[in-house]
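Novice: Chain residues, written in single-letter form:
4 protein chains.
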Amino acid sequence: MTVDTILTGKVVSPHGVYDRTSIAVKDGKIVSIGDKSTMPPAEEEVDYGDLLILPGAVDTHTHSLGTAEEGHWNSTSAAAAGGVTTINDHPLDLGGAPSSSDDIYTKAEKTAKEAIVDFSLLAAGLPEKMDNIIEVADKGVTGYKMLMHTTSGAHAYGMRAVDDGELYAMFERIAKVNQVGMVHAENEWVINYLVDKYTKEGKTYLAAHHETRPEFTEVVSVHTAIEFARALDMRLHIVHVSVPRSFDLIMQARAEGVKVTGETCPHYLISNEDHWKKVGSHFKINPPLRSEDSRQGLWKKIREGKIHMVSSDHAPHPGVEAPNVFDNPSGSPGIETMVPLVFHEGVHKGNIDLPTFAKLMSYNPAKLMGLYPQKGSIEVGCDADFAIIDDKKEWNIEAKNLRAQSGWSMFEGMNITGKVLATFVRGTKVYQEGEVIGEKGYGKWVKKTRNYDL
Amino acid sequence: MTVDTILTGKVVSPHGVYDRTSIAVKDGKIVSIGDKSTMPPAEEEVDYGDLLILPGAVDTHTHSLGTAEEGHWNSTSAAAAGGVTTINDHPLDLGGAPSSSDDIYTKAEKTAKEAIVDFSLLAAGLPEKMDNIIEVADKGVTGYKMLMHTTSGAHAYGMRAVDDGELYAMFERIAKVNQVGMVHAENEWVINYLVDKYTKEGKTYLAAHHETRPEFTEVVSVHTAIEFARALDMRLHIVHVSVPRSFDLIMQARAEGVKVTGETCPHYLISNEDHWKKVGSHFKINPPLRSEDSRQGLWKKIREGKIHMVSSDHAPHPGVEAPNVFDNPSGSPGIETMVPLVFHEGVHKGNIDLPTFAKLMSYNPAKLMGLYPQKGSIEVGCDADFAIIDDKKEWNIEAKNLRAQSGWSMFEGMNITGKVLATFVRGTKVYQEGEVIGEKGYGKWVKKTRNYDL
Amino acid sequence: MTVDTILTGKVVSPHGVYDRTSIAVKDGKIVSIGDKSTMPPAEEEVDYGDLLILPGAVDTHTHSLGTAEEGHWNSTSAAAAGGVTTINDHPLDLGGAPSSSDDIYTKAEKTAKEAIVDFSLLAAGLPEKMDNIIEVADKGVTGYKMLMHTTSGAHAYGMRAVDDGELYAMFERIAKVNQVGMVHAENEWVINYLVDKYTKEGKTYLAAHHETRPEFTEVVSVHTAIEFARALDMRLHIVHVSVPRSFDLIMQARAEGVKVTGETCPHYLISNEDHWKKVGSHFKINPPLRSEDSRQGLWKKIREGKIHMVSSDHAPHPGVEAPNVFDNPSGSPGIETMVPLVFHEGVHKGNIDLPTFAKLMSYNPAKLMGLYPQKGSIEVGCDADFAIIDDKKEWNIEAKNLRAQSGWSMFEGMNITGKVLATFVRGTKVYQEGEVIGEKGYGKWVKKTRNYDL
Amino acid sequence: MTVDTILTGKVVSPHGVYDRTSIAVKDGKIVSIGDKSTMPPAEEEVDYGDLLILPGAVDTHTHSLGTAEEGHWNSTSAAAAGGVTTINDHPLDLGGAPSSSDDIYTKAEKTAKEAIVDFSLLAAGLPEKMDNIIEVADKGVTGYKMLMHTTSGAHAYGMRAVDDGELYAMFERIAKVNQVGMVHAENEWVINYLVDKYTKEGKTYLAAHHETRPEFTEVVSVHTAIEFARALDMRLHIVHVSVPRSFDLIMQARAEGVKVTGETCPHYLISNEDHWKKVGSHFKINPPLRSEDSRQGLWKKIREGKIHMVSSDHAPHPGVEAPNVFDNPSGSPGIETMVPLVFHEGVHKGNIDLPTFAKLMSYNPAKLMGLYPQKGSIEVGCDADFAIIDDKKEWNIEAKNLRAQSGWSMFEGMNITGKVLATFVRGTKVYQEGEVIGEKGYGKWVKKTRNYDL
Ligand SMILES: [Zn+2]
Ligand SMILES: [Zn+2]
Ligand SMILES: [Zn+2]
Ligand SMILES: [Zn+2]
Ligand SMILES: [Zn+2]
Ligand SMILES: [Zn+2]
Ligand SMILES: [Zn+2]
Ligand SMILES: [Zn+2]
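Protein sequence lines, in the order shown, are assigned to chains B, W, X and P. Going by UniProt numbering, the first sequence runs without a break in its numbering and finishes at 454. Going by UniProt numbering, the second sequence runs without a break in its numbering and finishes at 454. Going by UniProt numbering, the third sequence runs without a break in its numbering and finishes at 454. Going by UniProt numbering, the fourth sequence runs without a break in its numbering and finishes at 454.
It is possible that some hints are incorrect.
Here are the simulated lysine-lysine pairs, DSS-like style, with alpha carbons at most 25 Å apart [what the hints assert, rightly or not]:
#1 X:306 to B:259
#2 X:429 to X:36
#3 B:278 to B:129
#4 W:300 to P:306
#5 X:29 to X:447
#6 B:203 to W:129
#7 B:36 to B:113
#8 X:36 to B:29
#9 X:306 to B:306
#10 W:10 to W:400
#11 P:176 to X:200
#12 P:110 to P:419
#13 B:200 to W:129
#14 B:129 to W:203
#15 W:197 to B:129
#16 P:176 to X:197
#17 P:36 to W:29
#18 P:259 to W:300
#19 X:259 to B:349
Honestly, the hints are just simulated from the structure, not real lab data.
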C-alpha cells in the first residue's frame, strides 16, 4: 500500500517528545508513527528537520459571528495561521443565539461553507428556551454556554445574564442529559452597581474598567456555579478564568468530587491591568486583565497542573476609542496569536515543557469537549491535525498581518520566539508561511461523542 | 457600706464554674464575686444552694413586632420566663422596618414602655435607603439586618431579598462605618424556582418545604456573603445557620482573616426535617429543619468550637394549617424554650460543659453586638443579669404555659431536664417559678459601644 | 526495508487504548505504531485479535539472590511468565550486599548469564561503606536501598536497620549525587520492643506478626524519611508502602515540594491481616498485611492517583511453619502473579482503567528508575517489551505451576480474570502460554540514564 | 468578718481586664473580687493605682538542681523576683533523676525547706525503671520528663536519650495511667552525626552549635512523639519548642484528635541564631536559637493562638567559654527575666493583649499540669498568687542584679518596658522592688489533681 503523506520532525505529543520521528497519514488520519524507514511509500514526504510537529490546537472558545465583519472565513483563516485546527464556536451570534437542533444544524451548514479548519459548536443555554437543552443534547454539540454576566454586546445575540434560579434550572437539565455547562462567571449585579457608581462619579477613564470588576466579582460567581454543579453532579466548565484563586476553588471542588474544569486565556497570561497604558481601549476584555501578581499566579497554577487548558476567547471588534471607557466594546482578537503567545511565555521562557503545552492547547480541550480521540493528540487513529512550529524563530506581532477583521491586536509590536510555519487539517496543509492555502469550506463540523473526566 | 443583694449558688461564668460562691449586687451592677463571709450586709440575700447562677442569655435574634399579636410585652415576658435578659430585636416590624435614627429612636421609645428585660436594636439594611446605614451607625444599633431571601411575611415589613449588587453596596457602607452586617443567607432565586416547580407539579405537601430549600441554597449564599465581606474587610454575621458545612466555610474564611461569625438556633439542634410528621405545619421555618445527619453535624461543630452562638429567631405567628404548605407562614416561637432546650441537649446530654453553654448563650452574643462587658458575663462591673437554673429538674414543654402569642410550640410535649427557676435583670427579679413579676417598661435599651473580634 | 516483527491487537499505552493497532519492531525497538496496512513487510506477523498488548511490567522491587534456591534464572523465568520484562534487583543478596561499582559489575555479569528478562540493579546503602554511595552513583545503578528496619534475614546479607544519623548521613551523599534513595520504612526499635514483649508474654501465634507491627510503626518511619529528604532536597522512594495514611504524608510532602514517591504491592491490595486464617505462615511479610479498611483505602488512593506504582517485593523462601510466628521468615514469592492480581482486582473489577494500569506497572516505575524511554511504555523508540494479556480468561493460581522456588503462593487457589499469554523482551518472545521459551542469559543489564520528576 | 488583705489595681485575668478592681484575700485564697467599697475590713490594704495585678506566672520548666551552685533557694528567689509563683521542677538533678514516689517525696521534702515560691514536681521517665511510671502516677507529680536527645549534662543526672522503642514503651505506661508525658524533642542520632562531622572537620566555632542542629532535627522528633501519642491516645507535651513548623504539626494533630500541647521559651521569642555575636557562648541552649524568620514565625503562631504556653527552661550554669563550642555547656538562666521579656516583646510591642499574656504565662501551664484552679488564674477560690507589674517602667537587664547563680544573662543590657514590682504567693508578699522578702521554706509542694484538655 501507499500512504498520502509522511511528515518527519520533532514530534510533540501530550505524552512525550520524539526526535526525528515520522507520521504517516492516509485519508486524513494518522495511520502510523515511527521510524520513516519502516513506512510505505507516500505521495508526499515533508521533512521538517528539527522543527516541532505538534497536534493542532483545539480552541474551546471563539466568537466568529459576534461582529458583522468577522465570520467563519476570517476566524478560521486566523485559526489556520495560528496553528489552531479546531475551533469551538460559542453561540453569541448576531441574529440570535442557536439553542435548538434546528439552530445548530443551520449554523453548522452555514459554517461548513466558510471554514477552513474544523469546528465544533456550543449551544446557548437560554432561560426562555430551556426545553432546547434536552432536545439538542445528543446532536453533537459540545455543551451549553451560559452567562452569569451580560458581557459586552450580549444583548445583541439574545443572551443575557441569567439569575441564580435560571442558572440552576438550566444546570438541572444539563445534568439530566450528562452534558457540559460552560459558564462566563462574573457577578452581573455587583459589576452593574460599580459601573453605575463610577459613571455617576464621572470616573470613566480606562482603568475604571478593571476597577469596577475586582477579582472577587469573578470568584463569587465561580463559587455559585460550583455549588450548583456539586448539588446536581453536573459537568461544569468555567471559561476565561482570570483569577488564580478561582483555580484554587476549582481544584478544591474537584478534590471533593465535583466535576469542574477551568480555562484561562493568553491575555491573562501575558499582560496585566496596566496594559491600557500601552494599548488604550484595546486592553478592554471581560473579565478584565488582572494585577501582575495575579498574572504570575496563573503561571504558578499552570506549573502546578491546576489549569486545564488555554482558550483564545477570540472576539474581534472594530477598534473604537470612546471617551467613556464603559462605551467601548469588550473582547479582543486572539486566535491567531494564541499558540505563539503561550509558546513564547510558556515553553520558551521555561514555565512549561512541550508535552504540557500540547495538553493545554490540544489534548485537554479535545477531551473536555468529547472530540478526542479524533482531535487533540498525535496518536494513531487521530485526525492528522498539526501545527509546525519553529521554536527558535523570532518575530513581532503586527496587527496588519493578522487575519481577524478588527485590524488591531492587544499585543501589537510584541517580540515573540516561536512561530507557526505551517498548519495541517486532516492531512491537508491549510497554512504555510504567511499564506492561508486551504480552501473556503474545507472545514468540517466535529461532533461530540462522549464525556471524559479530565 | 451595704449592697442591695447577695446571691449565692453554683456560679457559672463563661470562664469557669465556682461552687458555693456569692455575687454582690449594687445599683444593678455586680460589685463583688467571692465568699459570702467577705461581703458587706445586703438588703436581700438569696441562697440558691447548689442551683446554677448563669449569666442571663443574650438573644441576638428576635422578632417582637412581626405579628399583630406579639409585641414587646409578650416577647420580653417570654424572654424573662426563659432566662433571657437581653433581646436584640430585628427590624422586620409590621408597619415598616426601622432604618434611620428617627426610626430607631421611635422604636426604642415604644419598646421601652413595654419590655421587662433589656433590649438592643438592629437596624434594617434597605437598598432604597442606603444613606440611613451611615446615619444610624453610631446611634447604638447593634448592626444591620439584610435579607438574601424574602422570607415569609417579609414584604409586610418593607423588606425583601436584595440582589448581589444591593447587598454589596450595603456592605460597602457598613464596612465604612465599621459596623456589623447580619444576613439571612438563603438563595432567593433558586428557592423561588424550586417552589414554582413544585407548585406546578402539585407537590405542596409539608415535606415540600424543605425539599425546595436544599442545603446548598444556604451554602451558596454563605459563600457570596463571605466573599463580599472579605473584599471589603466588613464584619459579617450569618444568622440562623442550619447547615454544618456553612460553619466550615465560616471557619475557613476566619482562618484566612475574614471577620465572620455564625449563629445557629435551637430548632436545628433539636429536631430534623421529618419533624412535620409530629407537628404538622408548626415545623415550618426558614431555613428549614435539616437531616438528622446535619443536626448531629451541628453538635459536632459546637463540640469543636466552630459555632459562635445560639439565637432563638423568635418569630411567633398564630398557628394555621393551610392545605398548601407554601401558604403557611414560616417562623416559630422560641425565646422561652431556647435556654432549656440547649441546656437539655447540650449540657444535660454531655455535648458541652457549663462555661461553653454560657459562651454560646451570653458571652459571645454580647461581644458580637458590642454590649459586653455590660451584658453577657458574670464579672465585676457587669449588669447583674442572671438566670437561675435547676439542672436536675425535669418538666414537659406545654404551649399553653408559654407566653408567646402564637399558642403553640414546635416542641410540644418534649421532656426536658433543666429548668429556669428565676431571672434577674440589673439585680431585679423579673421572673420566678412560673410568674413574670417584673413590671412592664422595666426593660431598657442597651446600646452598642464598640466592636470585638470574636 | 523490512522489519522484524509486527504485532497487532488492542494496544494499551500509559496514554491511551488503541483498538486493532499494529506495532512494528526492528532490532528490538519499536519503530512504528499504526495501521498495519502502512507497515513494511515483516519477518513475522502476529495478530492477537482483540487481546491486549501492554508494555511489559517494570518491577522496582525483587530479591533474586536472597535465598539459595532462587537465583536469577528462576526469578526472571517467573517474571517472564508474569508479564514482567524488567526487574530491579535489590541488594539483599546471600553473600553480601553489593554497594561498590566492583560489586555491581560482578553482580551484573553474573546476572546477565542467568536472566531471561532485562534487569536493573539497586545498590546497597551501607553505613559502614558510605563512600561507595558516591563511587557507584553514575555506574548505572537505579539508586540505593536502605533499611530502617532489619527485616527478616537481612543480617545474612550484611544489611541492618540504620539509625537516624546513619540514614541522614547516607541521604546527604545520595542528595549530593542527585540519585534516588529507596527506603524500607518501619520503625526498628518499636517493633523490636513489641516483639520482645509479645515473646515474653508467650504470644507467638500467627496474628502476633501484625499485632507487633501496628500501622503507626510504618507511618512514623515515613515521616522521618520524608523530613530528611525535605531537608536535603533528596529524591526519596518509599518501597512497599502498606498504609493508606503513608500515601497522604507522601502526597502532602510532594505538594510542599519534597521529591518523594511511593510504591505498594499486590498483597496489600488483595488480602488483609486475617489472611493467616487461610494460608498459615505464608501470609507473613514485612510490612504486614493490614486491615480490610486499609486494603480498601489503598484502592481509594489508587483511584485518586495518589499511589505511583506497584512492585512485587518478590522474596520467595522455602515454606516452613515454625510454632513461634517470630521464627518464620518474612517475604513472599510474587513476581509471577503481580500483573494478573492487579489486573484482576484493578482493571477487571473496575477500580482503574487500562492506561492507569500501564502507568502503575510500567511507565511510572521506569521513570522513577531513569530507565524510560528505553523501558516502560509503548512509544516509538522504546524497547519492544510487551505483555500480551487475555482480559477475559479465567484461571486459578496454583503454586505448583509457578516458577519461584518457594513452592507456595499466598494466593493459592484464587480465581483470576486476566491472564498473561505471552511476553516479549526487546522483540523476542520469552514466554508463551505456560512455557518460558527464552534462553538463559538473554536478559541484559539496563542502566539508569537520568532522573524524572514523577 | 474581716479579710487578710485587699489589693486594688488594674486586674488582669485570663478572661478580661478590670480597671480599679479589688481582690480580697483570706487564708491565702482569693475570697472576693469586686468593688472595694463592698469588701469587709482588711488587715492590710494595698492600692496599686493603675498598675497591673496579674496571676503569678506558672513555669512548667525549671532545672533547680542541675548545677551544684543553684538549688531551690536561688531558683525560687529568682522566680519570686520574676513574678513566677509556681515552678515545675524537672528531674535532671545532680545525684540522680527522681522517678519513684520515694524519690519524689525525698525531693519534695528537701525542696520545701528551700523554696520561697510554690513548686510542683515532674518525675523522670527512665527506660531502666519503667515500673516507676505506674507507681508514681497518682502521687501528685505533674507528669514525666523524657529525653529524645541527651542534652548537655544529662548523663550526670542519670538520664539519656531513649530510643524509639523505649520512648514508646514509656508512653504506653503513661497512657495507661492517663498522665502527661513531657518530651525534649530533638533527634539524638542526627545531631550526634553532625557534631562528629563538624568536629572532624575542625568546625568548632560558636555558630557550629546551631548548624549541627538544623530545624528538621526538632521537627522529625516532634513527628515521632506525636505519632506515638496518637497511637496510644496519650497526653503529650512538647517542651521548649523552637521551630514554628513544630507548632503546625501540633495543631494539625490536635485537629485530628491527638492530645498534644507545646510550649516555647523567651529566648526563642527574643533572639536568634546570630546571638552569639553579642554574647559569645552564653547563647548556647538546646534546641538552639533559630533564624530571625523563625523567631518572627513563633510570634505569628502566638498571635494565631497556636502556642499554648511559655516556659523558662531555667538551667543556669557557671559561665565558661571553651575554645570548642561543643565543650561548652548548654542551658541558660531564665526564670527571673521570663515575665518581663515576654511582657516587653508581647504586650508592650502589641503582639498580644493582656488576657492572652495571662493565658500563656499562668492559666494554660496550670491547666496542663492539673494545678488549676488552685494555680493559674485570678478567680474566687484560687490561691492568691500575683505579680504586680508596672507596664510603663523601663529598665535594663543586668546579670549582676539577678539571682541565678550563673552570674550572666543571655540578655545582658537589654532595655525592657514592663517591670515586676512585687510578687505574692498565697497572699504573702515574697518580693518587692529588688528585695526577696519571703522566707526560705515558705514555698509548698502543689500536687496535680486532674487532667484538662487544653
Ligand atoms: Zn465571556
Ligand atoms: Zn467569550
Ligand atoms: Zn431569617
Ligand atoms: Zn429571623
Ligand atoms: Zn523491605
Ligand atoms: Zn523487599
Ligand atoms: Zn530540654
Ligand atoms: Zn530543660
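Novice: Hint by hint, note whether the structure agrees.
Specialist: Checked hints:
Proposed proximity of residue 306 (chain X) and residue 259 (chain B) is supported: the alpha carbons are some 18 Å apart, at most 25 Å. At most 25 Å may separate the alpha-carbon atoms for a hinted pair to count; residue 429 (chain X) and residue 36 (chain X) meet this at roughly 20 Å. With a C-alpha separation of about 43 Å, the suggested pairing of residue 278 (chain B) with residue 129 (chain B) is violated against the 25 Å cut-off. At most 25 Å may separate the alpha-carbon atoms for a hinted pair to count; residue 300 (chain W) and residue 306 (chain P) meet this at roughly 21 Å.
Taking the CA atoms of residue 29 (chain X) and residue 447 (chain X), the gap is about 16 Å. The hint holds against a cut of 25 Å. A hinted pair counts as satisfied when its Cα atoms are at most 25 Å apart, and residue 203 (chain B) with residue 129 (chain W) qualifies at roughly 24 Å. For a cut-off of 25 Å, the pair hint linking residue 36 (chain B) to residue 113 (chain B) is broken: about 36 Å separates their Cα positions. Pair hint residue 36 (chain X) plus residue 29 (chain B) holds up; C-alpha atoms about 14 Å apart against a cutoff of 25 Å.
Proposed proximity of residue 306 (chain X) and residue 306 (chain B) is supported: the alpha carbons are some 16 Å apart, at most 25 Å. Using a Cα cut-off of 25 Å, the hinted pair residue 10 (chain W) and residue 400 (chain W) is violated, with the two alpha carbons roughly 31 Å apart. The hinted pair formed by residue 176 (chain P) and residue 200 (chain X) meets the criterion: a straight-line CA distance of about 19 Å does not exceed 25 Å. Distance hint between residue 110 (chain P) and residue 419 (chain P) is unfulfilled; the C-alpha atoms sit about 31 Å from each other, more than 25 Å.
At most 25 Å may separate the alpha-carbon atoms for a hinted pair to count; residue 200 (chain B) and residue 129 (chain W) meet this at roughly 18 Å. With a C-alpha separation of about 24 Å, the suggested pairing of residue 129 (chain B) with residue 203 (chain W) holds against the 25 Å cut-off. Distance restraint check for residue 197 (chain W) and residue 129 (chain B): the Cα-Cα separation of roughly 16 Å lies within the 25 Å cut-off, and the hinted pair is therefore satisfied. Pair hint residue 176 (chain P) plus residue 197 (chain X) holds up; C-alpha atoms about 16 Å apart against a cutoff of 25 Å.
For the suggested pair residue 36 (chain P) and residue 29 (chain W), the alpha carbons sit about 14 Å apart, so the restraint of at most 25 Å is met. Simply put, residue 259 (chain P) and residue 300 (chain W) have alpha-carbon atoms about 18 Å apart, close enough for the 25 Å limit, and the pair holds. Pair hint residue 259 (chain X) plus residue 349 (chain B) holds up; C-alpha atoms about 24 Å apart against a cutoff of 25 Å.
Violated hints for the displayed structure, listed by number in ascending order: 3, 7, 10 and 12.
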